[in-house]
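Q: Read off the chains here:
There are 6 protein chains.
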Amino acid sequence: MIVKNTHEISDELLEELKLVSVSTASHMLVEMGYRNAYMQGILPMCFPEGQDSAVGRAVTLRFIPLREDLVMQQYESLTESPHREALESIRQNDVLVIDTGGHMETGVFGDIFTRRLRYLGGQAIVVDGCIRDLIRIKAVNFPVFSKGVHGSAIPRSLMSVGFNEPIRCGGVGVVPGDIILADRDGVVAIPPQCVEHIIKVSREHDELEERWIKLKLDEGASLHTHYPPNAEARQEFEQWKKENGFV
Amino acid sequence: MIVKNTHEISDELLEELKLVSVSTASHMLVEMGYRNAYMQGILPMCFPEGQDSAVGRAVTLRFIPLREDLVMQQYESLTESPHREALESIRQNDVLVIDTGGHMETGVFGDIFTRRLRYLGGQAIVVDGCIRDLIRIKAVNFPVFSKGVHGSAIPRSLMSVGFNEPIRCGGVGVVPGDIILADRDGVVAIPPQCVEHIIKVSREHDELEERWIKLKLDEGASLHTHYPPNAEARQEFEQWKKENGFV
Amino acid sequence: MIVKNTHEISDELLEELKLVSVSTASHMLVEMGYRNAYMQGILPMCFPEGQDSAVGRAVTLRFIPLREDLVMQQYESLTESPHREALESIRQNDVLVIDTGGHMETGVFGDIFTRRLRYLGGQAIVVDGCIRDLIRIKAVNFPVFSKGVHGSAIPRSLMSVGFNEPIRCGGVGVVPGDIILADRDGVVAIPPQCVEHIIKVSREHDELEERWIKLKLDEGASLHTHYPPNAEARQEFEQWKKENGFV
Amino acid sequence: MIVKNTHEISDELLEELKLVSVSTASHMLVEMGYRNAYMQGILPMCFPEGQDSAVGRAVTLRFIPLREDLVMQQYESLTESPHREALESIRQNDVLVIDTGGHMETGVFGDIFTRRLRYLGGQAIVVDGCIRDLIRIKAVNFPVFSKGVHGSAIPRSLMSVGFNEPIRCGGVGVVPGDIILADRDGVVAIPPQCVEHIIKVSREHDELEERWIKLKLDEGASLHTHYPPNAEARQEFEQWKKENGFV
Amino acid sequence: MIVKNTHEISDELLEELKLVSVSTASHMLVEMGYRNAYMQGILPMCFPEGQDSAVGRAVTLRFIPLREDLVMQQYESLTESPHREALESIRQNDVLVIDTGGHMETGVFGDIFTRRLRYLGGQAIVVDGCIRDLIRIKAVNFPVFSKGVHGSAIPRSLMSVGFNEPIRCGGVGVVPGDIILADRDGVVAIPPQCVEHIIKVSREHDELEERWIKLKLDEGASLHTHYPPNAEARQEFEQWKKENGFV
Amino acid sequence: MIVKNTHEISDELLEELKLVSVSTASHMLVEMGYRNAYMQGILPMCFPEGQDSAVGRAVTLRFIPLREDLVMQQYESLTESPHREALESIRQNDVLVIDTGGHMETGVFGDIFTRRLRYLGGQAIVVDGCIRDLIRIKAVNFPVFSKGVHGSAIPRSLMSVGFNEPIRCGGVGVVPGDIILADRDGVVAIPPQCVEHIIKVSREHDELEERWIKLKLDEGASLHTHYPPNAEARQEFEQWKKENGFV
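Residue numbers (UniProt numbering), protein chains in the order written: chain A, 1 to 247; chain B, 1 to 247; chain C, 1 to 247; chain D, 1 to 247; chain E, 1 to 247; chain F, 1 to 247.
Treat the hints with care, since some could be wrong.
No distinction is drawn between identical chains; accordingly, a pair holds when it is met within one copy or between any pair of copies.
[Unchecked claim] Below are the SDA-like pairs computed for lysine to any residue, each with C-alpha atoms no more than 25 Å apart in a straight line:
hint, residue 1, residue 2
1, LYS241, TYR119
2, LYS18, ARG91
3, LYS4, MET72
4, LYS18, ASP206
What the hints contain is simulated information worked out from the structure, not anything from laboratory work.
Bound conformation, chain A alone (with noise of 0.2 Å):
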């Protein structure tokens, strides 16, 4: 497969990009030139109190509307069946991102799942399309984003047909590995090799610039001088720094 993902990234680098928002990821990966980034009109349905967000590699799974005759045999080998195989590979900070090409009409994935790929150390899930019984998968209490809810489930109207190749979700290309951030704003899927790179910017601009303008603008500083700063506002601010024990 020529479209693949060839850069890892250590569970310590996932951790450190929990403190990075999705909406500075985002706006960073554009300035990076990477434009398509983040999954417009996918948001969280149920995400736990007190979690600040969910970061993960992507395994992908995709559906497309069912066939009669073929779905039949997904339904008597389980174990060949592409969604089943995708949910069983779940290891330890994944997160599975699912492309139903934006089907709204049925859910495909429910408590059950979503307490099964739990378990085996899941972070997230992500659907292009939607979930179904919102009420108990809020009883499991797990990120778990999506486009909407449809109360029937995925024999209705699709069927899996591969995971862990390329996929769309939100508008997005979604590559195996690519990383996945994941908070209240939505989702982000972050090309392996930018993450190293958006944690250190990020870190720089949320803890020293941000907290120093939003303090500024409290007081009453104009966007014209202190956002961006110009010459002089950027001194104030070193000065600041200093004085707060900045480096």
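Fit chains B, C, D, E and F to the supplied structure of chain A, relying on the hints for placement.
A: Coordinates of chains B, C, D, E and F only, in the frame set by chain A:
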């Protein structure tokens, strides 16, 4: 009229149906050959805390885009206005289901109508379009489902043309007397003759099997062996049932 | 039924209405206070060459998503099926207007039904959804308007539930007896009591003013002075009318 | 510019307008002949608890899809960038209303801009598109309305082209100086000359009639007789007003 | 891969299938239990005059939104680019079916690729998205079906990721080896094992019954008695067949 | 205004640009870094037979949803109405580009305005919405592009608010003075400074390379070697050029 329900069910069965989730009923109906029962995109705008589900018999109401001359009659003779007739016809354990043609450009139900419907014994309101005055509807604290909210009222663009006809709502054909089941996952229209079977099967499903499988999943059981259970797992399940006092 | 037409117009007036364009009638109706008469997105799929417009009285038909058990009755007792009843009820100078709820997932009218409608004196078919078998409909060479084409037929997803009710079509409320005017620009539903005025005004508009203004535009007249004509231009127009034998 | 507001209203009237609900104002405007005042699909993304409504004078801002060469100028000369100019122009009791053409593919407002707007006395932000960084906007705790959320920022796909022009927002024409009223039901743009009438009528409506009708509905009064009240009910209402100390 | 076709059909059968219309095949497939075979909204952009239909075996190709780094490889190693591989793999009587996820923001096929496909014996191109350079495609004069036209080319927003996988196209699951039938009414994907039955039934249907019914309709026969024919009409039909030399 | 074109091009270059296709220009602009130049979904409603393309300088016009009181002024003082001003300002080789916000609920241009624009030397009309009276526009036989057709006219729902501002049309930012190129494939807005390069490159592309590659494809050349040409094929091409008199 050739399209009508002939089966009726008792208030007792309605009461038992409250224990079934919309998600379970929707999936079961697909398995019974009714693939179009869950209303797509119709979500709870208001649902009382502490209440788990709303159940009732469908009374239907239909709106079309208004014609400026004909709509006057509805306001001259209020007792003949179909939407007022429909509302005043509500009896204990009815649910009002409204077809606006998916119109998102005005609201058709506010707090006054909701209050009257509750007084008459109605159990829920379901709109294939918009409601209005959500703030005051929340003060009534009654189950109301719709596609969205709009500030304006019926006279902006719609007129009612009939009630207790077969209608369309959320992509579902709804026939007067259908049994409406609604919870936080949305709304499903159940052909009356299916209610008893759904209650029976769902009870087995919900009370025993699902409880046990979740237990097993939390112990690390694989979907390949335990969902659905293979021969061995099924034995294990029967054993567990005996040991835990389920017949 | 509270929503109904009370005015009737003669076949002679229908004949005269054929000289008015859909565009002129639509605009005139807005000026008369009927802002919702042109059917949005419903275009000619087939329109006989050499014919300029189609005119007739609306017979309405309504479909909803099928319910698997109820639809069987329509095929057991064909004479009671609303869509067959509607079709067989067609008389000279009727137009069949069909509400499918904007459903694009199956076709509701093919060449056989079209042929029958033509035989009975129908003037056009207007569908808020899809037709099927466009190739063979073109062989019938009859005015058919819809939102699109779909290969499948009614039993794929719809069932008819009633005819000669007020319906919705292309965002327009259509009441039985409305006068339908259709040409290559689309379809407009005219309240019967408005027909006479439209014919009268449009004749003045089309035969005199428009002819003259085009002449003037081709000579370089400015919109500022000539469209609509200011006092001076109006004099010029009256003069021109006299010289050219218009009263 | 031919399209502009000429009427101005005082801060005191703005304060009184806070007692009117969006729903009431929207309906009243339709009755006054303004059928297009409620912004469709623009909902509160953030609204401070304990606050009932936000009111202010519209300052408008317009974005178009960026052109790669022209957008550079906006980042070279920040003080001339229309979106920064618009923001810095905000005065006490202004509301910023933003036309992105309904663009859902990037966010145009985050927490920094929101913080500045609040400092300058702005009352709300209304976007016909997406905002970003909802988490941090919620920390600012300020009324922000939009169609959705997107992680990326303006430079992904938009550029600002002007402010204080007439714009389109949520299907509504918004003219600078329009009075914006926003609550949990959405946003309505009120022509300034209508404010006084709306306050007056709504007070009668809300404080007296509605209170009494709800009382009657809870006692079982029928819509047929009591909403709107017929002659007899109206007498009853006048009596009740006297007895309860309403003039 | 669990989802695959196992049945193959001869070039002779493909030839016979050309006599069946898309409309007839789509309806017949619904009756055979395949409700999802007609591709919704995919219409002929170019279809040679004088040709009635195009038939062939599906070769599939899938695009996802491009990732800026990964797409470079496709242009460095052209022979490994999935869309070029797919195209060069075309053999006599293949049809190329392309899944772009319904993407309308760039064109994926122009006249050069079309010309190559024709040379290799391809019978048609079907795109769930846009083609480009329609003017030059029309000069090639080859059957091309899509949802629309866009001026830009693949590198604007897409990259190919695989070929001869099961895909989605026009809401239909398409599996390599499906038999594609396309005419002026659109495109239908036929499971290979169904082809023979469709040819057989459609021949009876088209050549005899339909011919006779049209004759009867033109003589004034009612749908109630003649479509479908009741017992008496069926006798009449058998008689007519004998008299007209149909066995 | 910060967003404006500074480059101007001669009528001679406009003439040369007519030889470039919309498809070629759109693709070339993406390669030059302008990814948003082709107007999505805006197609020729009328295009004179025998004419290959239309080219001109953009004059822009913007509509918003009407406000009932403000729109009156436009009809009282016609010379100040922005849409009439825009139209009367048209000079030789202008193209009128109209932003309605993608509004499909009324038509903004009919045959009278088209006739005037043609008289003044306009080259085409491009509407991000609907035109009306297509039948009569076809009688004018002038290049008109839009998203659709609607029978009603401006006063149904829109009012013009300004001309020669930067606008949005078909998802493209259009700035006054942009060079509009339109043919049967649609419309592209070209930044003026790019025109010369596009003409130059496209000439090489169209007149030589494309001609030769089609020749080779018809002889069976593979895309792998000949499109784009590898080193060997390029030599072959140079040889062919010499032999056929291309420099």
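Q: The structure should be examined with respect to each hint, and the outcome stated for every one.
A: Hints, verified against the model:
1. LYS241 / TYR119: Close across copies (24 Å), not inside one copy (44 Å); limit 25 Å.
2. LYS18 / ARG91: within (18 Å within a copy, 38 Å between copies)
3. LYS4 / MET72: Between copies only: 12 Å across chains, 31 Å inside a chain, cut-off 25 Å.
4. LYS18 / ASP206: Result: close within a single copy only, 13 Å intra versus 37 Å inter.
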